[in-house]
Amino acid sequence: MTIPGFILRNAFRNKRRLMLTLLSVTLSLFLFTMLQTALRELTQPAQTDESALRVVARHKVSLGNVLPVKHQSRIERIPGVHTCMKLTWFGGIYKDPKDFFPQFAVDADKITDIFSEAQFDPQEMAAFLKDRAACVVGIKTMDRFGWKIGDKITLQGTIWPCDPQLTIRAVYRGGIDETNLFFHHEYMDELCGKPSLCGTFWIRAENAEAIPGLIQRIDETFANTDAETKTETERAFVLEFVSMIGNVKVLIGSICSVIVFTMILVTASTMSMAIRERSREIAILKAIGYDGWQIFSLILAESFGLALTGGVLGCFGAWFGTWLMFQHVNIAAVSNGMFIKFEVTPHIVVSGMLIAVVLGLVSCLAPAYSSIRMSVVTGLKELD
Amino acid sequence: MNADPIVQIRDLTKLYRHGEIDVTALNCVSLDIAAGEFVALMGPSGSGKSTLLHIIAGVDRATSGQCIVQGTDVGTLNETELADWRNNHVGFVFQTFNLIPVLTAFENVELPLLLTSLSSSERRAHVEAALELVGLADRMRHLPRQLSGGQEQRVAIARALVTDPTLLVADEPTGNLDAHSAAEILALLQILNRTAGKTVILVTHDPKAAAYASRTLHLEKGELLNGSSQSSVVSSQ
Chain C
4 MTIPGFILRN
14 AFRNKRRLML
24 TLLSVTLSLF
34 LFTMLQTALR
44 ELTQPAQTDE
54 SALRVVARHK
64 VSLGNVLPVK
74 HQSRIERIPG
84 VHTCMKLTWF
94 GGIYKDPKDF
104 FPQFAVDADK
114 ITDIFSEAQF
124 DPQEMAAFLK
134 DRAACVVGIK
144 TMDRFGWKIG
154 DKITLQGTIW
164 PCDPQLTIRA
174 VYRGGIDETN
184 LFFHHEYMDE
194 LCGKPSLCGT
204 FWIRAENAEA
214 IPGLIQRIDE
224 TFANTDAETK
234 TETERAFVLE
244 FVSMIGNVKV
254 LIGSICSVIV
264 FTMILVTAST
274 MSMAIRERSR
284 EIAILKAIGY
294 DGWQIFSLIL
304 AESFGLALTG
314 GVLGCFGAWF
324 GTWLMFQHVN
334 IAAVSNGMFI
344 KFEVTPHIVV
354 SGMLIAVVLG
364 LVSCLAPAYS
374 SIRMSVVTGL
384 KELD
Chain B
20 MNADPIVQIR
30 DLTKLYRHGE
40 IDVTALNCVS
50 LDIAAGEFVA
60 LMGPSGSGKS
70 TLLHIIAGVD
80 RATSGQCIVQ
90 GTDVGTLNET
100 ELADWRNNHV
110 GFVFQTFNLI
120 PVLTAFENVE
130 LPLLLTSLSS
140 SERRAHVEAA
150 LELVGLADRM
160 RHLPRQLSGG
170 QEQRVAIARA
180 LVTDPTLLVA
190 DEPTGNLDAH
200 SAAEILALLQ
210 ILNRTAGKTV
220 ILVTHDPKAA
230 AYASRTLHLE
240 KGELLNGSSQ
250 SSVVSSQ
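Order-wise, the sequence lines are chains C and B. Positions in the first sequence are counted from 1; adding 3 to them yields our numbering. Positions in the second sequence are counted from 1; adding 19 to them yields our numbering.
Be aware that one or more of the hints could be misleading.
Unchecked claim - Label pairs and their computed distance ranges (CB to CB):
{"no.": "1", "chain 1": "B", "residue 1": "Ala206", "chain 2": "C", "residue 2": "Ala369", "range": "24 to 32 Å"}
{"no.": "2", "chain 1": "B", "residue 1": "Arg80", "chain 2": "C", "residue 2": "Thr46", "range": "29 to 37 Å"}
{"no.": "3", "chain 1": "B", "residue 1": "Thr82", "chain 2": "C", "residue 2": "Ser300", "range": "39 to 47 Å"}
Said to hold, decoys possible - List time: in silico DSSO-like cross-link candidates among lysine-lysine, alpha-carbon distance up to 27 Å:
{"no.": "4", "chain 1": "C", "residue 1": "Lys252", "chain 2": "B", "residue 2": "Lys227"}
{"no.": "5", "chain 1": "B", "residue 1": "Lys240", "chain 2": "C", "residue 2": "Lys384"}
{"no.": "6", "chain 1": "C", "residue 1": "Lys133", "chain 2": "C", "residue 2": "Lys73"}
{"no.": "7", "chain 1": "C", "residue 1": "Lys252", "chain 2": "C", "residue 2": "Lys73"}
{"no.": "8", "chain 1": "C", "residue 1": "Lys98", "chain 2": "C", "residue 2": "Lys384"}
{"no.": "9", "chain 1": "C", "residue 1": "Lys133", "chain 2": "C", "residue 2": "Lys101"}
These are computed hints drawn from the structure, not numbers from a lab. Quantities reported herein were computed from a predicted structural model and do not represent experimental measurements. Don't be surprised by glycine CBs; every beta carbon is placed ideally from N, CA and C.
Next comes chain C alone, as it looks inside the complex (with noise of 0.2 Å):
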C-alpha cells in the first residue's frame, strides 16, 4: 500500500455519497463551464480582421428610430470611409415564429465589400444583383431548412408592413454569423413604400487607425439634425444589442457565484462529515506516529482529489459535449440566432479548474484543521 492508495481507499469508503457529491460538483462546474460560454458568446462577440474595420452608424435616439437614406451620400464623403451600405433590420417570419433568423434589407452591391471575410460565389452574387427580388442566405439557414439555389421564400413583416416574395439566388459561408438572409434594400423600399428610411448604415473603414476618428467625425456631421447618429464599433454595436435584454453580465455573474458558494458548502459538509466519521482513526493515526500536518496533507488530497475530479468531469464534460452538440445540433437555431459559436475556450475550461482548486482547498480546511488540533487523548476519548 502507498499513501495515495490509502487515500483513494478513504475516499471511496462511502461510495454512494462520493458519487453523489462527485455528481453535484460536476453538474455545477458543468453549468459553471456552460454559462461562462454564454456569458463570453453574449458580451465578447467574435470579431476578426475584416469585422474590425466596420463600424455602425444608428438613430441616436435608439436603434428603432430610423436614419434618413440621404445620409449615406454625406457618409460616403467622410475621409476614411471605405464603404457605407444601409442595412436594416426586416425581422419577418418565415411560416412560424419559431422559424426564426436574422433578415435584413441591404445595398446589395455592397454586401460583399462589407462582409469580405464571408465567402461568396460570383456568378451566383451576380444572379442576386440582377433580380430584385432575390437573397443571398447563409449556408447554416439553407441547411436548416433545406433551401436551395432558386427556392422562393415569404417573409412576413411584422415591423415593416410587407410580406416580400424573395427567391434565394446565393448562398455564402464563412464570416462570423452563417445564419443572416440579405435581400434588396431597394426591394424592400418598393414593397413599403418608405424609400428613403433606413435602420442603420454598416461602414468599412479604410483601415483600423482611421476608426476613432471617423466615429467622431460621422457624429459631428449629423449633429444638431432631425437625425442625429450614434456611430460604434461593430462589437460595441453588437454589446448594445446584447443589453437590451439586460444586465446580462450581472446576471450570469450572479448565477455563476450562487453555484459556486453552493458547491463549497455541499463539498465541506461532505468532507466534515467523513472526516467526523472518522475522528476515531485519526486519533489512532496519531497515536502511531503521523503528525497534524501530515493528517492534514491526507485531508487535503482526498479533498483535492473530489473537487479535481469534479472539475475534470464537469469542464471537460462541457468541452466535449458542446463540441458534440455541434455535430448535431445547429446551436444558432436552436437560440434563434443568440448563440452563433458557443465555444468553450480554454481561457473558460481553466476557470473552471481553478473553482475547483480553491473548492478543494476551502471545503476542507475547517474539517481538517479541527482534526490537526484534535489532542490523541480526545480521539482516543470518543472510542470509549
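Based on the hints, put chain B in the right spot on chain C.
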C-alpha cells in the same frame, strides 16, 4: 531481564480543567519501569491509570513533573517530534482494536511503516513477520470485518509491533474480548515480553489479566498506592 529503567517518572501531576474546577488525574506520581518489564496498571475507573499510560506513551502531556522514556523527556518534545518519537518507540494496543475498516490486515499493519523510509519489499517483510508472530499469516488479505474480535486485536498487536518499538502499551486490550480470546492476547503479550524483550505496560481492571504481568501497580485517586509491587508471574497458557 535488563534492570535499567526504560521509564522514569518523577513527581508527575496531571490536572484536567472542567469549567472552573481543576480535577487531579495524577498527583505527584513517581515510578521506574525497567527495560523488559511487564507492568500492569490497575485501579478503579478515574484512578488515573489510562492518563499515566497516555503520558508515558507521549499522547498526553503532564501538567508538571518529568516523564523520561528511553532517555527522552517526552514533555519537552513538540507535537511533530512527539509523533515521530511515538512511531519509533511506542506500540499501541487499544481496547476497541481500532483497525481501519477499509484496509486489510496487512495494510493496517503496514500503516506505521508508511512513515518510514523502508522500501515496499522491506515493508512487506516486516509486516509479514509481525503477522506471523501473532499467528495471522493466513489472514493477511482479510478486512477487519472478516476477522473475529481476537483476531482483530492480534492484528492491532502486529501493528504495534511492526516498527519494532521497545515499549508496548496496552489500554484494556481484553476489555472487548471473550475469556478465551482475552487469555490468548494476554499470553501473546507475555510471549512478546519474555521472548522479544519488549517492555509491556498494561492497563486493566481485571486481576486475572494483571496476573500475567511481572509487576502490578495500583492507582487510586491519581496516586500510586504503597505496596504496589511484584506480582506472581503467570505462565503463558
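Outcome of the hint check:
Distance hint check for Ala206 (chain B) and Ala369 (chain C): the Cβ-Cβ separation is about 46 Å, which falls outside the suggested range of 24 to 32 Å. For the hinted restraint 29 to 37 Å between Arg80 (chain B) and Thr46 (chain C), the CB-CB distance of approximately 60 Å leaves it violated. Checked against the given bound of 39 to 47 Å, the beta carbons of Thr82 (chain B) and Ser300 (chain C), roughly 31 Å apart, lie outside it. Taken as a hint, the Lys252 (chain C) and Lys227 (chain B) pair is broken in the structure, with Cα atoms around 76 Å apart against an allowance of 27 Å.
Taking the CA atoms of Lys240 (chain B) and Lys384 (chain C), the gap is about 19 Å. The hint holds against a cut of 27 Å. Only pairs whose Cα atoms come within 27 Å are accepted, and Lys133 (chain C) paired with Lys73 (chain C) is accepted, the gap being roughly 24 Å. Pair hint Lys252 (chain C) plus Lys73 (chain C) does not hold up; C-alpha atoms about 37 Å apart against a cutoff of 27 Å. Distance check on the hinted pair: Lys98 (chain C) and Lys384 (chain C) sit about 77 Å apart at the alpha-carbon level, beyond 27 Å; violated.
In summary, the hint linking Lys133 (chain C) to Lys101 (chain C) is not supported, as the alpha carbons are separated by about 31 Å, beyond the 27 Å threshold.
Of the hints listed earlier, those the structure fails to meet are numbers 1, 2, 3, 4, 7, 8, 9, in rising order.
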